[in-house]
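Colleague: Throw the hints in and build the complete structure from the sequences for me.
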Amino acid sequence: MSNQNGGIKGDFDELVSTLRAYVKQETIGPLKGLGRYIAFGLAGTTIFGIGGLFLVLATIRILQTETDTFQGNLSFLPYLCGLGTCGVLIYLILLALKRDGRRHSNG
25 MSNQNGGIKG
35 DFDELVSTLR
45 AYVKQETIGP
55 LKGLGRYIAF
65 GLAGTTIFGI
75 GGLFLVLATI
85 RILQTETDTF
95 QGNLSFLPYL
105 CGLGTCGVLI
115 YLILLALKRD
125 GRRHSNG
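Every position in the sequence shown, counted from 1, becomes a number in the working numbering once 24 is added.
Hints are supplied without guarantee of correctness; some may be wrong.
Cβ pair distances, simulated, as ranges [claimed, not checked]: (1) GLY73 / ILE52: 26 to 34 Å; (2) GLY108 / GLY65: 23 to 31 Å; (3) GLU38 / ARG123: 27 to 35 Å; (4) GLY73 / THR51: 28 to 36 Å.
For the record, the hints were derived by calculation from the structure and aren't laboratory data.
Where is the CB? At the ideal position from N, CA and C, for every residue including glycine.
Modeller: Structure follows, in structure tokens:
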């Protein structure tokens, strides 16, 4: 085998090129996939965060403008309702994370 390919140097060059191809295949490819996974995760998290913020602001704004109940001494109650909305959103997120963790730990 060494005599046909140009001796030991040819075998060594072939080994190096094979190792380089293997390292590129096993490291660069998965890292690109991981980068896409992280990018889409961050984009989705940002969009959900902005959506949650708009939901809380909409709750506060609706209670301030559409109802006459929260006037005078009760003007702080829409903000408490907004805080309650934040609490509900956080609870739903934690519930989803807990359920997702259970699903992945079983299999």
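Colleague: Evaluate each hint against the coordinates.
Modeller: Going through the hints against the structure:
1. GLY73 / ILE52: 26 to 34 Å: holds, 31 Å
2. GLY108 / GLY65: 23 to 31 Å: Given a distance of about 28 Å, which is inside 23 to 31 Å, the answer is holds.
3. GLU38 / ARG123: 27 to 35 Å: violated, 51 Å
4. GLY73 / THR51: 28 to 36 Å: At 32 Å between Cβs, range holds.
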